[in-house]
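Protein sequences, first through last, are from chains A and B. Note that the numbering used here has the first sequence beginning at 1, numbered continuously upward. Note that the numbering used here has the second sequence beginning at 1, numbered continuously upward.
No lab work stands behind these hints: they were computed from the structure. Hints are supplied without guarantee of correctness; some may be wrong.
Stated by the list, open to error - Below, simulated DSS-like cross-link-like pairs (lysine-lysine); rule was C-alpha separation at most 30 Å, straight line: (1) B:K155 <-> A:K65; (2) A:K65 <-> B:K421; (3) B:K177 <-> B:K376; (4) B:K386 <-> B:K376; (5) B:K367 <-> B:K386; (6) B:K386 <-> B:K177; (7) B:K155 <-> B:K386; (8) A:K88 <-> A:K65; (9) B:K421 <-> B:K386; (10) A:K65 <-> B:K198; (11) A:K88 <-> B:K198; (12) B:K155 <-> B:K177.
Claimed, not checked - Below, a sample of chain B positions facing chain A; criterion: calculated Cβ distance under 8 Å: (13) E370; (14) V372; (15) K421.
Beta carbons: idealized from backbone N, C-alpha and C, even for Gly.
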Amino acid sequence: MRNHPPSPEFREPAPAVASRASGRAWIRRGSATPHLFLLPGFALFALAILYPIAQAFRMSFYDWKIVGSATSEFLGLENYLRALGDDKFWVAFGNTAFYAVATIVPQIVLGLAVALLLHGRAPARPLFRVLYYLPVVTSWVVVSLVFRFLFADQGLINYLLGEVAHVTDGQTSWLADRWTGMIAISALGIWKGVGWSMMIFLAALQGVPAALMEAAMIDGAGPWQRFRAVTLPAIRAALGFVTIMLVIGGFNVFISVYLMTAGGPAGRTEVLLTYMYNQAFGNLDFGYGSAIAVIVTLIVLALSLIQLRMFRNPDGGYVE
Amino acid sequence: MKRYIRGTAAALATAALAVTGCSAGGSPTTGSPAGPGSMAPAEPITLTFWGSYGNGGNSAQQEILDNTLIPAFEASHAGVTVEYVDVPYDDLLQKLTTSAAAEELPDLVRADLGWVPRFADLGVLVPLSDVMPDFQQLADATFPGVLATNYFEGKYYGLPLDTNTRVLISNPDVLAKAGLDAPPATFDEFVALGNALKGSDVSLFADGGLGAWNLMPWIWSGGGDITDAELTTSSGVLDSDANVATLQMLVDLYTAGQISSGIIGNEGAVSTSEGLPNGNYATILDGPWMSGIWGDQFPDFEPVYSPVPAGPGGSVSVVGGEDIVLTASSKHQEAALEFIRFTQSEEFQLALVPTGQLTVIQALGDKQVELVPGLKVFTEQLGTAKNRLAITQGSEVDGILNEELTPAFEGTIGVREALTKAAARIDELLVG
């Protein structure tokens with residue numbers, strides 16, 4: 001199949017060429033060249049990403065004073081223990097977990113459904129693809145503010161629910177309570193994310209073998225059976241990729257919360273990253289903020305490893 | 001050199017912290033730590049001055065600064081150039097924080113008054129009361145509540161630059177409908193107006209939170225405070241009978257639907273700036289900048305300004321505004337102090353009044369009202385206005401007040417119990 005990665009034999013035309021130009025100079029040049037090309041990018045990566053990460057990790061063990069001339073007191077694991085005993089940290093953790101669960105499942109289900117619909121032949125298909133993808137490329141800041149107005153006390157959502165559909169009294173203060181606030185924030189996450197998973201699934205659907213599909217049809221399989229027995233196994237890798245990326249994205253939710261509820265009222269819609277940000281830049285408590293950042297990183301890392309295991313191919317390989 | 005590297009490292013790390021939040025959703029803007037102009041040659045001096053005069057598209061202030069005030073200073077101080085760098089207000093604290101970490105602060109900063117204790121505590125500011133021989137003379141000319149914002153642990157780290165305070169702003173149509181020809185002047189009249197509005201779709205009052213900026217006018221006017229004068233304890237002060245009575249008044253009004261849920265942090269509530277002119281709210285507490293906001297959006301709205309309703313403690317509001325501070329890293333201290341002196345002059349102070357900046361000099365109050373009659377109430381209110389707690393953890397105090405008092409407004413906990421819990425948490429900050 002064409003979109004399988006090329007097997008190792010095809011990838012290495014090197015031996016024949018190498019034997020012709022014998023001598024250490026060639027070998028040294030040959031092995032150094034790719035590294036030299038990588039060096040500038042890696043240097044930038046090390047300076048702008050790796051070094052700050054290491055530094056933030058170090059800060060998490062101190063009562064960190066931001067000014068270089070002041071001495072920071074070494075606290076050991078105190079910042080971490082403080083987080084574990086901090087009620088507000090757990091509220092933020094609960095909200096983050098809620099957001100992750102509430103947004104990931106709909107994004108996968110809706111994204112896949114839309115991809116299946118747009119995969120088939122239909123008029124204006126490119127138009128719909130663009131429309132579904134549009135939220136993905138719009139600015140988080142802009143759509144967060146739009147959703148804040150939609151979910152305002154006198155906003156469109158209350159109007160629709162109360163005056164048009166008559167399912168509520170139209171008086172819900174969405175952003176004034178923990179769970180209604182999280183629902184509003186999650187609604188934004190889903191709306192903005194469906195287009196992205198749709199795009200990945202659309203690409204994956206191209207790789208579903210037509211021959212297998214035909215064979216299944218000849219065997220009398222219905223649409224649901226074909227989806228379960230042919231499509232799903234074929235897009236398994238994409239499914240795993242989307243899930244892992246969405247979990248990472250879910251734990252990184254920040255801007256929408258910051259702009260829609262500002263963590264309020266009374267910190268009840270705070271998520272891990274807004275809490276971290278407020279500790280570091282609001283209270284200048286960089287040690288504690290760094291500890292929270294490290295904890296978030298560990299959680300995301302652990303969840304990603306678990307998922308990699310879950311989505312391991314039957315033949316033992318990992319998803320790409 | 002080693003210190004410099006360490007500072008840069010810290011700045012990078014703080015930037016990384018902010019960036020952790022961005023991989024899925026963009027990042028909050030991280031201020032660049034690079035400060036211009038710190039390597040001026042010995043002879044002609046360049047002073048760098050950071051502020052947010054141009055914030056919110058208010059070009060009027062920055063134009064006066066750039067085109068009138070700074071040239072006037074430069075004309076009278078040969079060889080000194082002042083380079084003003086405008087930073088959006090929302091980014092300024094973060095930019096100052098990262099720059100402090102990298103030890104690349106400018107010479108002068110127009111700092112929000114709440115930031116002065118924090119940066120003084122970090123050791124990046126020069127105590128003006130130590131280095132200016134004429135400090136006392138300059139300080140005595142300013143409003144005491146405004147001057148107090150520069151105080152931290154026995155020293156003054158800046159001088160007030162401009163100020164503002166909150167007064168009661170009312171919607172005249174709503175007052176008329178309730179049968180009043182003047183806004184409520186006392187707590188009793190305030191509650192009475194609420195009763196008169198019962199059954200209508202107008203709420204008596206709206207505010208955007210329960211932090212010190214929001215609550216202190218009520219607490220001080222009610223005869224209470226957050227801590228004792230020496231900043232040693234909050235227990236026994238915040239949960240005093242006077243504060244319980246004041247807060248109970250607000251909670252009762254809230255329960256009766258007379259105060260908007262914006263006060264407990266509902267971002268979906270109709271905002272104060274929109275709800276007052278639209279007649280959703282009868283009154284709000286706010287500052288002199290509101291007339292500028294309404295001038296564009298609600299040109300027909302004629303707000304009524306009056307002092308904060310007086311309680312047992314009188315009519316006492318909260319001081320806002322900016323201070324000018326000198327950084328410890330400045331290489332041109334004398335020239336910078338000269339510029340600070342210039343900011344206290346009549347020329348500087350009055351030039352900015354028409355743009356909505358209130359003067360910090362008491363003696364200029366009358367001239368200010370002559371220039372802009374609408375500032376009369378604000379100028380009078382400033383006479384008694386007070387500063388919030390002079391501690392580094394002002395934002396923590398705001399967080400505690402919001403967290404502990406919100407349940408009291410929602411009715412799940414008593415007012416006294418909520419205040420006692422908040423006081424216990426503030427005690428911990430005062431010890432630390």
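The hints, checked one at a time:
The straight-line distance between the Cα atoms of K155 (chain B) and K65 (chain A) is roughly 21 Å, inside the 30 Å bound, and the hint therefore holds. Between K65 (chain A) and K421 (chain B), the direct Cα distance comes to roughly 29 Å. Compliance with the 30 Å bound is thereby established for this hinted pair. Proposed proximity of K177 (chain B) and K376 (chain B) is supported: the alpha carbons are some 26 Å apart, at most 30 Å. Taking the CA atoms of K386 (chain B) and K376 (chain B), the gap is about 18 Å. The hint holds against a cut of 30 Å.
As the CA atoms of K367 (chain B) and K386 (chain B) are separated by approximately 22 Å, the hinted pair is consistent with the 30 Å bound. For the given pair, K386 (chain B) sits about 34 Å from K177 (chain B) by alpha-carbon distance, which is inconsistent with the 30 Å threshold. A hinted pair counts as satisfied when its Cα atoms are at most 30 Å apart, and K155 (chain B) with K386 (chain B) qualifies at roughly 18 Å. Proximity of K88 (chain A) to K65 (chain A) is assessed by CA-CA distance (about 23 Å); at most 30 Å being required, the pair is judged to hold.
Proximity of K421 (chain B) to K386 (chain B) is assessed by CA-CA distance (about 24 Å); at most 30 Å being required, the pair is judged to hold. Note on K65 (chain A) and K198 (chain B): the hinted pairing is violated, with a Cα-Cα distance of about 52 Å set against a maximum of 30 Å. A threshold of 30 Å between alpha carbons decides the hint, and for K88 (chain A) with K198 (chain B) the separation of about 37 Å lies outside it, so the pair is violated. Pair hint K155 (chain B) plus K177 (chain B) does not hold up; C-alpha atoms about 51 Å apart against a cutoff of 30 Å.
Given hint, E370 (chain B) at the interface with chain A, is violated; its Cβ is 40 Å from that chain's nearest Cβ, farther than 8 Å. Because the beta carbon of V372 (chain B) sits about 33 Å from the nearest beta carbon in chain A, more than 8 Å, this interface hint is broken. At a threshold of 8 Å, the smallest CB-CB gap from K421 (chain B) to chain A is about 12 Å, leaving the interface hint violated.
Violated hints, in rising order: 6, 10, 11, 12, 13, 14, 15; the structure is consistent with all others.
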